[in-house]
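Residue numbers for the sequence shown follow the numbering used here, beginning at 3 and rising by one.
FYI, nobody ran anything at the bench for these hints, they're computed from the structure.
Here a beta-carbon is modelled for each residue, glycine too, at the ideal position from N, C-alpha and C.
Some clues are possibly wrong.
Computed spacing ranges between beta-carbons, pair by pair [claimed, not checked]: (1) I28 x R55: 35 to 41 Å; (2) I14 x V38: 34 to 40 Å; (3) R71 x A39: 29 to 35 Å; (4) K72 x T30: 46 to 52 Å; (5) Q26 x A63: 45 to 51 Å; (6) L25 x G60: 45 to 51 Å; (7) L37 x V68: 33 to 39 Å; (8) V66 x R36: 33 to 39 Å; (9) E11 x A40: 53 to 59 Å; (10) I59 x A39: 24 to 30 Å; (11) E27 x R55: 32 to 38 Å; (12) L65 x A32: 53 to 59 Å; (13) A40 x D19: 26 to 32 Å; (14) Q26 x V68: 51 to 57 Å.
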Amino acid sequence: MARDADTIEHDIEQARDALAATLQEIGTRADPQRLVAAGKEQVETTLGDPRVRYSLIGVGALLVLVLLRKLFR
3 MARDADTIEH DIEQARDALA ATLQEIGTRA DPQRLVAAGK EQVETTLGDP RVRYSLIGVG
63 ALLVLVLLRK LFR
């Protein structure tokens, strides 16, 4: 059963619109500035957790003590 030209054109137009929307979504998701902003937000959230923050402070203090000990030995 053959389809008429108007139906085929309409199907092609729908496929084009769907492809354009998909490409726009891919472009939005792969935007480097958005990825950097999301990464920065995640790091800020992680460092905002007191367990992580105080653990990092403790590790830093330990490293300073080890370095001072090596220097003055």
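Hints, verified against the model:
1. Range check, I28 to R55: about 36 Å between beta-carbon atoms, so the 35 to 41 Å window is met.
2. Separation of I14 from V38 is about 38 Å and conforms to the stated range, judged on CB atoms against 34 to 40 Å.
3. Under the hint 29 to 35 Å, the C-beta atoms of R71 and A39, about 41 Å apart, miss the expected range.
4. With their beta carbons about 51 Å apart, K72 and T30 fall inside the hinted range of 46 to 52 Å.
5. Remark: the range hint 45 to 51 Å for Q26 to A63 is upheld by a beta-carbon distance near 49 Å.
6. Between L25 and G60 the beta carbon distance is about 48 Å. The supplied range of 45 to 51 Å therefore holds.
7. Under the hint 33 to 39 Å, the C-beta atoms of L37 and V68, about 36 Å apart, fit the expected range.
8. For the pair V66 and R36, the beta carbons lie near 37 Å from each other, so the given range of 33 to 39 Å is met.
9. For E11 and A40, the hinted distance range of 53 to 59 Å is not satisfied, since their beta carbons lie about 40 Å from each other.
10. For I59 and A39, the Cβ-Cβ distance of about 26 Å falls inside the hinted range of 24 to 30 Å, so the restraint holds.
11. In this structure, E27 and R55 meet the distance hint of 32 to 38 Å, their C-beta atoms being roughly 36 Å apart.
12. Between L65 and A32 the Cβ separation comes to about 38 Å, which falls outside the hinted range of 53 to 59 Å.
13. A40 and D19 have their C-beta atoms about 28 Å apart, which keeps the hinted 26 to 32 Å range intact.
14. Taken as a hint, the range 51 to 57 Å holds for the pair Q26 and V68, whose Cβ atoms sit roughly 53 Å apart.
Checked against the numbered hints listed earlier, the structure breaks hints 3, 9 and 12; every other hint is satisfied.
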